[in-house]
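Enquirer: The primary structure of each chain is shown beneath.
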Amino acid sequence: MARKISYQQAINEALAQEMRRDQTVFIMGEDNAGGAGAPGEDDAWGGVLGVTKGLYHQFPGRVLDTPLSEIGYVGAAVGAATRGLRPVCELMFVDFAGCCLDQILNQAAKFRYMFGGKAVTPLVIRTMVGAGLRAAAQHSQMLTALWTHIPGLKVVCPSSPYDAKGLLIQAIRDNDPVIFCEHKLLYSMQGEVPEELYTVPFGEANFLRDGDDVTLVTYGRMVHLALDAAASLARQGVSCEVLDLRTTSPLDAESILESVEKTGHLVVIDEANPRCSLATDIAALVAERAFHALKGPIRQVTAPHTPVPFSDALEDLYIPSAAKIEATVLELLQGRKVA
Amino acid sequence: MSRIHTLTMPKWGLSMTEGRVDTWLKHDGEAIDKGDAVLDVETDKISSSVEAPFGGVLRRQVAREDEILPVGALLAVVVEGEVDEAEIDAVVERFQAEFAATGGAEADSGPAPQKIELDGRLLRYFERGEGGVPLVLIHGFGSDLNNWLFNHEALATARRVIALDLPGHGESGKVLARGDLDELSGAVLGLLDHLDIPRAHLAGHSMGGAVALNCARLAPARVRSLSLLASAGLGPEINGDYLRGFVEAGNRNALKPALMQLFSDPALVNRQMLEDMLKYKRLEGVDTALRQLSATLFAEGRQQADLRALVNGGEHPALVIWGTADAIIPAAHSAGLSAEVHVLPGQAHMLQLEAAEAVNDLMLDFLDRH
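So the protein lines, in turn, are chains A and B.
Terminal number for the first sequence in our numbering: 420, no gaps in between.
Terminal number for the second sequence in our numbering: 898, no gaps in between.
A portion of the hints provided could be inaccurate.
Below, simulated PhoX-like cross-link-like pairs (lysine-lysine); rule was C-alpha separation at most 25 Å, straight line [claimed, not checked]:
1. K85/A to K643/B
2. K265/A to K85/A
3. K191/A to K134/A
4. K809/B to K85/A
5. K343/A to K784/B
Worth flagging that the hints you see were computed from the coordinates, not collected in a lab.
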């Protein structure tokens with residue numbers, strides 16, 4: 082039986098194995114080492130939630146703590162990537178993206194194009210995304226669409242420990258800048274993960290459940306809520322196909338279309354705000370390219386167009402739930418026989 | 529004199545934790561013989577029948593169709609002799625109370641595979657059963673010890689049975705030196721040394737059959753008998769398109785048509801099987817190992833090793849089982865061998881999975897005689 086580890090351990094293991102394999106890989110960020118110079122493991126937090134814990138001691142000189150200055154250290158990472166290193170730089174919360182957007186949006190993402198394909202920028206930015214940690218509006222956003230909008234960036238949202246390890250190794254080996262979105266609420270999730278190195282390719286959605294009645298397309302933590310809804314719907318005689326996009330850029334449009342061609346119904350589930358989002362993007366894709374297959378309207382289950390609330394009760398209402406997904410599917414299929 | 533038996537959710541393969549009751553094949557009050565298929569169970573990997581390890585009368589179907597139950601959960605009560613309903617109620621109640629108390633802990637305990645380092649490379653193997661002359665199960669190209677999902681336990685009722693992951697496969701080390709038959713056979717013989725087994729029955733499926741034959745060539749005294757299932761090494765033909773398709777496939781849609789050629793029921797190639805195979809193919813070193821093996825053993829879609837003389841030499845008793853619908857290695861290779869030959873009508877390349885019961889019976893009978 083394959084060994085089970087957490088999503089957080091899977092990320093840590095991917096970093097450690099790639100750093101061991103490739104001397105050009107190093108990590109930097111706020112509190113990545115944590116307590117550097119202090120005696121003892123307890124002082125070294127390894128990131129705000131301990132994801133990089135232990136690496137500082139295993140890789141002397143290759144786990145760098147930076148000042149609280151995204152504009153500075155993300156810029157440094159972009160520069161290092163252009164000079165033959167493979168930095169894995171941590172933007173603690175994706176919500177801080179504004180502080181270093183020029184470095185990502187107008188520099189890293191553009192180099193390959195601006196220099197006639199001759200420049201490579203093998204940079205990974207690991208960042209925490211998503212709501213549910215009672216961390217309020219400035220530490221809970223799901224800014225996936227922001228990155229996906231920018232050509233030149235690759236955007237990864239693993240939903241399981243297996244995918245987290247394989248996609249992170251792929252991200253580190255990739256020659257383009259990659260935004261690697263880690264959902265805070267998945268860190269403790271356990272799953273089977275091979276001890277060996279492996280890569281999960283970008284742009285390949287994962288079919289997590291086969292079904293005939295409706296296609297549920299989602300990514301990140303919402304994958305698990307979609308699976309819960311699908312299991313409940315199965316007991317009511319509704320068969321859902323569940324697609325985990327794994328990466329939002331590149332997007333596996335073919336798998337989405339293939340599934341909708343089969344089921345004729347699409348529900349897109351996205352934890353992000355609803356305007357100009359992955360949900361609207363996928364809805365447009367299917368409306369344009371698989372309209373003939375659709376037997377009903379495309380439905381979206383998303384957060385509302387508001388900041389993430391501070392109130393526990395409101396935050397719970399804000400995040401799409403399995404019950405909302407289930408209700409949406411049943412509503413969509415109304416008029417059809419639902420056993 | 530009466531006996532009350534409980535039939536429980538089996539554990540097929542290392543990762544199975546639960547199964548869905550598909551269809552009951554026997555009904556309350558029906559007499560069943562040992563080995564009868566009682567119900568069909570579907571797991572996320574594969575569906576198959578649950579066979580009764582005992583005979584009697586099926587007195588109570590405890591599990592409902594479509595119910596998903598953990599490994600070890602109570603499926604049915606089978607009774608030999610006279611027992612009244614109240615006694616059956618009591619057995620069911622006691623079982624359920626105990627099962628709830630242990631939380632179905634059985635699923636995660638039980639026998640587990642071992643890993644050893646052999647010639648600087650990890651080798652995973654899995655032992656079940658004890659006694660007798662041990663049997664070693666050798667899987668085919670691109671497979672692993674789960675190849676024997678429906679065979680390992682059944683074969684282990686009478687003897688110690690060891691399944692291994694060949695180098696380049698499963699959870700064994702992926703780096704091959706030469707990627708030839710001698711290297712693979714060397715790993716099998718090395719495992720026998722490690723386990724202090726002087727002599728063993730060898731069973732091989734597909735490429736594993738050629739590995740077994742080659743073990744008999746390299747170390748004839750270590751091999752008691754050969755069971756060859758849809759075996760390589762017995763003729764020049766092999767489906768080169770399948771091999772190319774399998775090796776090249778990097779995603780679900782490319783892999784599916786290749787894997788479908790292996791089965792007589794293509795519906796068995798489900799989402800989970802494809803995902804498991806992709807997980808294997810993504811591991812570092814696997815692509816290189818498969819290309820290396822394919823190039824040495826099956827260059828240009830032809831089998832390079834002719835090991836028919838090992839069967840016909842008469843030194844080792846041999847059992848040969850094939851399916852008439854094998855699309856990978858033709859059943860015609862079973863002709864003209866001095867061996868016990870069984871060609872199963874309609875069966876395809878993965879006959880040890882799809883016709884597990886027939887294959888197990890033939891092997892148990894053969895092994896008992898040798």
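Enquirer: Indicate, hint by hint, whether the structure satisfies it.
Expert: Quick rundown of the hints versus the structure:
1. Distance check on the hinted pair: K85/A and K643/B sit about 17 Å apart at the alpha-carbon level, within 25 Å; holds.
2. For the suggested pair K265/A and K85/A, the alpha carbons sit about 19 Å apart, so the restraint of at most 25 Å is met.
3. As the CA atoms of K191/A and K134/A are separated by approximately 33 Å, the hinted pair breaks the 25 Å bound.
4. Annotation: proposed proximity of K809/B to K85/A holds, straight-line Cα distance about 20 Å (limit 25 Å).
5. Between K343/A and K784/B, the direct Cα distance comes to roughly 17 Å. Compliance with the 25 Å bound is thereby established for this hinted pair.
The structure is inconsistent with hint 3 alone, although it conforms to all the rest.
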